[in-house]
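Offset between the sequence shown (1-based) and my numbering: plus 14.
If you are wondering where the hints come from, they were derived from the structure by calculation, not from laboratory data.
Hints may be right or wrong, so weigh each one.
[Said to hold, decoys possible] In silico DSSO-like cross-links for lysine-lysine, where the CA-CA straight-line distance does not exceed 30 angstroms:
1. Lys246 - Lys105
2. Lys246 - Lys320
3. Lys105 - Lys455
These figures come from a predicted structure and were not determined experimentally.
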Amino acid sequence: MADDSSDSYSPLKSISRGASFFMVGKGLDSGLRFLLSIVLARGLTTGGNAVMFSVYTFGFVVIQFVEVLANLGTDQSILKFVPQYEDQPGKRRRMVGLAYLTSLIAGCAVGLGLYIGAPVITGIAAESFRPYLTDVLRVLAVIVPFFTLTSCIKSVFKSLELPEYQVFIMNVLTPVVRFALVGVALLLGYELVGVTAATVVATILVFAAAAWLVWSKTDLVPSFRASKGEIKEFYNFSLPLTLNQAGYVLSNRVDIIMIGIFVTSMSDAAGIYRAAAVLAGLLILPLSAFSQLFPPIASRLYSNGKMDDLESLYRRVTRWTFTMALFPAVGAIVFAHQLLLLYGNAFTQGEAILFLLVIAQLANASVGPSGYVLMMTDNQYLALANQWILGVCNVVLNYVFIQQFGLIGAAIATATVIISVNTLRVVEVWHFVGLFPYSRKYAKPIIAGVLSAVSMLGVKAAVGGPLSAHLPTTAAALAQGVVGGVVGLAVFAGVLYLLGIEREDREFVSENVPL
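All chains should be built: construct the whole structure from the sequences, respecting the hints.
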């Protein structure tokens, strides 16, 4: 069993470099996406009813489902084969060529299928969606091939350990262009279909920029002359991942689809749920950041038989992602009402939903890159089984709980599934790969999290009344969250410092962070 302090600094430094780029870009990305969701919620809400925002949300979740079919695991295959064949440049180019060609053909076919089948999807959706949904889905069908090709380009930069370009494309350019074009559409008076079209135009512009960057900044020119053996090797890896990604979508996105079909008593239910999901989703920013370069590095360490280094890397990255997600999770629970009020009064109905989804995403962050560990250690079929078993369970639980409890039932079902799949991943990594991420070092962030929660509850009780008496409702909610967040963060960081920063963390910072 490897110790956290083993000499894995070189891969950890590479991952941390990627994470730092990603955190900067993703911070901007998350901020703009959060603002965009508020702008959309307010801009597409009429007469206190957010049905158009719910349709917009439902349409994009449908796109996430069909993009899995269009992607066919090509982006993850790039992460596997580009580092694996770094000493065989010709084979690398052929694998990348297969990824591009597969994404283009499948993306066009799936987009056409969505355009033709849009009325069928509309027919099974809630009645309140039907005046808008067919047009929205047909506009969104255009996005499919551009999105899948952009995902491949992103993976090329990720596999070459060039995070700055990946971050620029996905976390800077994408949200900036989307926010700008959607904002202009709303200012010009466009409603649902016009705003959706603005999003499609933004995606096409981002693809054009990404294609230019990968052509000009790398020498990984695709080749389309793969042998039969290479084609078999590529699809043997990518196709199971397609099913794996479909299982992921079932595990994590089917809730909004089923809300849009079965929650008929609230026309804006999908929008309310989406607002809570956006806030809870911010918690996995640290995990997403450290996962940017983890897959290719894990693949290389595993291929070279450096299991001690892989375990040390896995343990430290997992502890860091948990620690960084814990404070915002506590803050989101304490100030749930204030956060949802930013979307509008109707969205405060989602407080219990936000609580459940925050707990689920904290569980997600607490297992670190366990899913990538399975995939990069030749256990992709196990990862596939995980996702599909839990995806099917999510569909069944959502159906049962929505029928029984309404909107909150979807949150109960999804939280149960997310927590279960992540627990299962940790057990499987320990059993099949022999790696385990946890130690007594987790006690320090847990203690810090508890004390920060107490401090924020105190601030909330002390300043909530005075602020509400002197400020408009939304401004008071924002001020309360800011004051409580600053105090809570100071307590969280202070307790961590007083309990003692881990030796290997101090050494890593002193060696790699210029002071």
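Here's how the hints hold up against the structure:
Of the pairs offered as hints, the one joining Lys246 and Lys105 holds, with about 13 angstroms between alpha carbons and a cut-off of 30 angstroms not exceeded. Among the hinted pairs, Lys246 with Lys320 is consistent with the structure: their alpha-carbon atoms are about 28 angstroms apart, no more than 30 angstroms. Under the criterion of a C-alpha separation no larger than 30 angstroms, the hint pairing Lys105 with Lys455 is inconsistent with the structure, at around 43 angstroms.
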